[in-house]
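Assemble the complex: chain R is given as a structure, and chain D must be docked to it using the hints.
Protein chains: 2
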Amino acid sequence: MEEKEISQAVIGRLPRYFRYLGELKDEGIERVSSQELSDIMQVTASQIRQDLNNFGGFGQQGYGYNVGHLYEEIGKILGLDKEHNLIIIGAGHLGQALFNYMNFERRGFIFRGIFDNNPAVCGQQIRGVTVRPMQEMERFVRENNIDIAVLTIPKTSAVEVAEQLVSYGIKGIWNFAHVDLNVPKGIQVENVHLSDSLMKLSYNLSTHIY
Amino acid sequence: MEEKEISQAVIGRLPRYFRYLGELKDEGIERVSSQELSDIMQVTASQIRQDLNNFGGFGQQGYGYNVGHLYEEIGKILGLDKEHNLIIIGAGHLGQALFNYMNFERRGFIFRGIFDNNPAVCGQQIRGVTVRPMQEMERFVRENNIDIAVLTIPKTSAVEVAEQLVSYGIKGIWNFAHVDLNVPKGIQVENVHLSDSLMKLSYNLSTHIY
Numbered sequence: 001m002e003e004k005e006i007s008q009a010v011i012g013r014l015p016r017y018f019r020y021l022g023e024l025k026d027e028g029i030e031r032v033s034s035q036e037l038s039d040i041m042q043v044t045a046s047q048i049r050q051d052l053n054n055f056g057g058f059g060q061q062g063y064g065y066n067v068g069h070l071y072e073e074i075g076k077i078l079g080l081d082k083e084h085n086l087i088i089i090g091a092g093h094l095g096q097a098l099f100n101y102m103n104f105e106r107r108g109f110i111f112r113g114i115f116d117n118n119p120a121v122c123g124q125q126i127r128g129v130t131v132r133p134m135q136e137m138e139r140f141v142r143e144n145n146i147d148i149a150v151l152t153i154p155k156t157s158a159v160e161v162a163e164q165l166v167s168y169g170i171k172g173i174w175n176f177a178h179v180d181l182n183v184p185k186g187i188q189v190e191n192v193h194l195s196d197s198l199m200k201l202s203y204n205l206s207t208h209i210y
Numbered sequence: 001m002e003e004k005e006i007s008q009a010v011i012g013r014l015p016r017y018f019r020y021l022g023e024l025k026d027e028g029i030e031r032v033s034s035q036e037l038s039d040i041m042q043v044t045a046s047q048i049r050q051d052l053n054n055f056g057g058f059g060q061q062g063y064g065y066n067v068g069h070l071y072e073e074i075g076k077i078l079g080l081d082k083e084h085n086l087i088i089i090g091a092g093h094l095g096q097a098l099f100n101y102m103n104f105e106r107r108g109f110i111f112r113g114i115f116d117n118n119p120a121v122c123g124q125q126i127r128g129v130t131v132r133p134m135q136e137m138e139r140f141v142r143e144n145n146i147d148i149a150v151l152t153i154p155k156t157s158a159v160e161v162a163e164q165l166v167s168y169g170i171k172g173i174w175n176f177a178h179v180d181l182n183v184p185k186g187i188q189v190e191n192v193h194l195s196d197s198l199m200k201l202s203y204n205l206s207t208h209i210y
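Going down the list, the sequences are from chains R and D. Residue numbering for the first sequence follows the working numbering, starting at 1 and increasing by one per position. Residue numbering for the second sequence follows the working numbering, starting at 1 and increasing by one per position.
Isolated chain R, as found in the complex (with noise of 0.2 Å):
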């Protein structure tokens, strides 16, 4: 695959042309338009081709789209066709909950550790897995070729063990914490900030009028 220059506003929308097309994949479809796309994706059909002309289209005059070669094609640009090593960092409900989360694993994220800083809960047993103490995330990170940390833990701790995981050997965050991570270039961050998501629904429930 060439590196090339893609927005993030189309990179977002590629999961979710994964999903739809893994649906019809599981149907038994094997060919697409963009308009069926669009159909049932509720997006235009000329954003679903623009979308697609990003990484060279894929699409045939008359036929339309083959699912099952598209799948497969998005899946690689996602990256979805290499494996990822990660560990989850803070073994409360949510991290827990992504730990037993099986479909990352058939993804390709595959967790190999969990870990915390609280004694009580080290040494506990999640899908098979003991909680480990944070004192060893230095060697698990390096041993075991981990590239994806998953931060599940309070803001204030989230920033200094980010820097921690980068130095390790990190290249990539999925971040949970409700902070932002200031991380050197080259290191990847997505954010999940729950709270922030809730506040712009009550923003479009407050401005509704029913």
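Wrong hints could be hidden among the right ones.
To be verified - Below 20 Å or equal to it, Euclidean Cα-Cα: the simulated EDC-like pairs (lysine to aspartate or glutamate) are:
1. D:K171 - R:D39
2. R:K185 - R:D196
3. D:K76 - R:D196
4. R:K155 - D:E143
5. R:K155 - D:E23
6. D:K171 - D:E143
7. R:K155 - D:E105
Said to hold, decoys possible - Partial list, computed: chain R residues near chain D (C-beta under 10 Å):
8. Q8
9. F18
10. Q96
11. I173
12. M199
Derived by calculation from the structure, the hints in this document are not laboratory data. Owing to the predicted nature of the structure, the values given are computational and were not obtained by experimental measurement. Cβ atoms here follow ideal geometry from the backbone N, Cα and C, with glycine treated the same way.
Below, chain D without anything else, positioned relative to chain R:
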């Protein structure tokens, strides 16, 4: 608050302003210039002025912004001056994680109940609240003035449950199910598609050369 058409992009940035202003307020800082805000938020000062101008400005030439006032006004814009009554559908790990997260309550999002269709889970206590069977949803929603439902159930049932909830009078859905919901006009949906977020991280990792 007058109703205006504000872009979802601007609205999406408001919670972040609110978060930073809250931190400044907690530190006892009374006023801030758009340049100072720009430095700590890593957004351009002109973006900040533009965003806040959508709501009438709040800034004074040569003074900047009054932190406490701006914090309060953005809170009002976000509807945080009103209380919302929420229920969670799905008492799995994620549902429990959200139910246990007290910071939402401090912002006026009060979790009134939690529901599940698994008989083994119903009757369990979470934070002193009993998990109820989903057959009791309708009565509970109507009797407790519930306006927001949080869906932490599999995608196979999410569409149907969302339709039921809307018919019971729910106005907003915070959707964690991995499916797009089709709701009537006027019903607000905010999606948290965790897999999509993880795939975006994967994409950004795969297109970066270390």
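Results of checking the hints against the structure:
{"no.": "1", "hint": "D:K171 - R:D39", "verdict": "violated (25 Å)"}
{"no.": "2", "hint": "R:K185 - R:D196", "verdict": "violated (25 Å)"}
{"no.": "3", "hint": "D:K76 - R:D196", "verdict": "holds (15 Å)"}
{"no.": "4", "hint": "R:K155 - D:E143", "verdict": "violated (37 Å)"}
{"no.": "5", "hint": "R:K155 - D:E23", "verdict": "holds (12 Å)"}
{"no.": "6", "hint": "D:K171 - D:E143", "verdict": "holds (15 Å)"}
{"no.": "7", "hint": "R:K155 - D:E105", "verdict": "holds (17 Å)"}
{"no.": "8", "hint": "Q8", "verdict": "holds (8 Å)"}
{"no.": "9", "hint": "F18", "verdict": "holds (7 Å)"}
{"no.": "10", "hint": "Q96", "verdict": "holds (5 Å)"}
{"no.": "11", "hint": "I173", "verdict": "holds (8 Å)"}
{"no.": "12", "hint": "M199", "verdict": "holds (4 Å)"}
Hints 1, 2 and 4, counting from the list given before, are not met by this structure.
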